[in-house]
Amino acid sequence: MNPGNVFFAMCAIVAVVGALATVLARNPIRGAVGLLSTILGIAGLFLLLKAQFLAAIQLIVYAGAVVVLFVFVIMLLGPDAGLSTRAPARAHAARALGGLLLLALGGTGLALLMGSVEAPTRFGAARVDHGSIEAVGGLLFHRGIVPFELATALLIVAVIGAIAVVRTTHAPKAKPVVDSPTQRMFHGPLHPRDAGRPLPERDEAAP
Amino acid sequence: MNALGYMLEHYTLLSGVIFTLGAVGFLVRRNALVQLMSIELMLNAVSLALVSYNRVHDSDMNGQMFAFFLIAVAAAEAAVGLAIVLAFYRLRATVNTDEADVLKH
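Quick mapping for you: the protein sequence lines, in order, are chains A and B.
So the first sequence is numbered by our numbering: it starts at 1 and just counts up by one.
So the second sequence is numbered by our numbering: it starts at 208 and just counts up by one.
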């Protein structure tokens, strides 16, 4: 038994179980922990694939930032905000059917892929500096310098956009011009003037 | 010898499984947070495929460079997506995407 085999099997099981937990969890906190488990498993596989730099980045950015951001938002929304609500039985059946169809499609594709493999592609001996921080960093700052700088711009824009989306407070205006459903929607139903009124009708029988 | 973990096909299979789970989660679940996490699952599966193919074609490291940019884009996507979820929750006090019909009316 090769230690690499054991490590691959461990990481693969951790990743798939985490993905299953993410998709199936009723409580989003458990989903976030499942996502964390998938990320850890894939970081381990990156190490096995001689991508040390990417394994470190995966741990720092995904496990350190993205999952923590998810957990912060779940906490901010409150304990039961993210809990799944009961949907009508018809919607449940439709979703389950759609999920099964997708799984069957994915399974068929994977089976075809595995069936079409005649000679498996084995990994040869990699170069010594394959995936090292020096090599990937050198590549990033030579051939990848333009996308690298564009990525920084993307991150800045994303951060500014996130702040702009979140800090928009719809302060109740002194006198709304039009009393349309949209107006009421955007100024929030909790305005004292509107507190007693029913919300505009919407069809609740959404699929 | 059964060289588990030393063949490209195993990584491709694992990546496909995780991607399919993420796609099913995104389409079946109605919780916006879980849908965002499913997107992260799909992005992770793709970066695993990129890195494993790069291990075979190791004359350069373009696959790892792509995976690096993919992680940057995924971080930006998570930040903006969670901000939208938060703003939507303030508007409607729910994260159920069936309720996200403000633009319809």
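The set of hints was computed from the structure by calculation and includes no laboratory data.
Some hints could be false.
[What the hints assert, rightly or not] Quick look at which bits of chain A chain B covers, simulated, 3 or more residues with Cβ under 8 Å: (1) 66-72; (2) 115-128.
[To be verified] Pair ranges (Cβ atoms, derived): (3) B:Asp-305 / A:Ile-29: 32 to 42 Å; (4) B:Glu-216 / A:Ala-63: 39 to 49 Å; (5) B:Asn-269 / A:Leu-101: 34 to 44 Å.
Note that the Cβ used here is the ideal one computed from N, Cα and C, for glycine as well.
Exercise. Under a C-beta cut-off of less than 8 Å, do 3 or more residues of the region 66-72 of chain A approach chain B closely enough to confirm the stated coverage?
Worked result: With 3 residues closer than 8 Å to chain B, the region 66-72 of chain A meets the three-residue bar; holds.
Exercise. CB of B:Asp-305 to CB of A:Ile-29, is that within 32 to 42 Å?
Worked result: Given range 32 to 42 Å: violated, Cβ gap about 22 Å.
For this session: Given the range 39 to 49 Å, decide if the beta-carbon distance of B:Glu-216 to A:Ala-63 lies inside it.
Result: violated (27 Å)
Exercise. CB of B:Asn-269 to CB of A:Leu-101, is that within 34 to 44 Å?
Worked result: Check passed, 35 Å falls within 34 to 44 Å.
For this session: With a C-beta cutoff of 8 Å, work out whether three or more residues of the region 115-128 of chain A approach chain B closely enough for the coverage to hold.
Result: holds (count 8)
The structure does not agree with the numbered hints 3, 4 stated previously, though it agrees with the rest.
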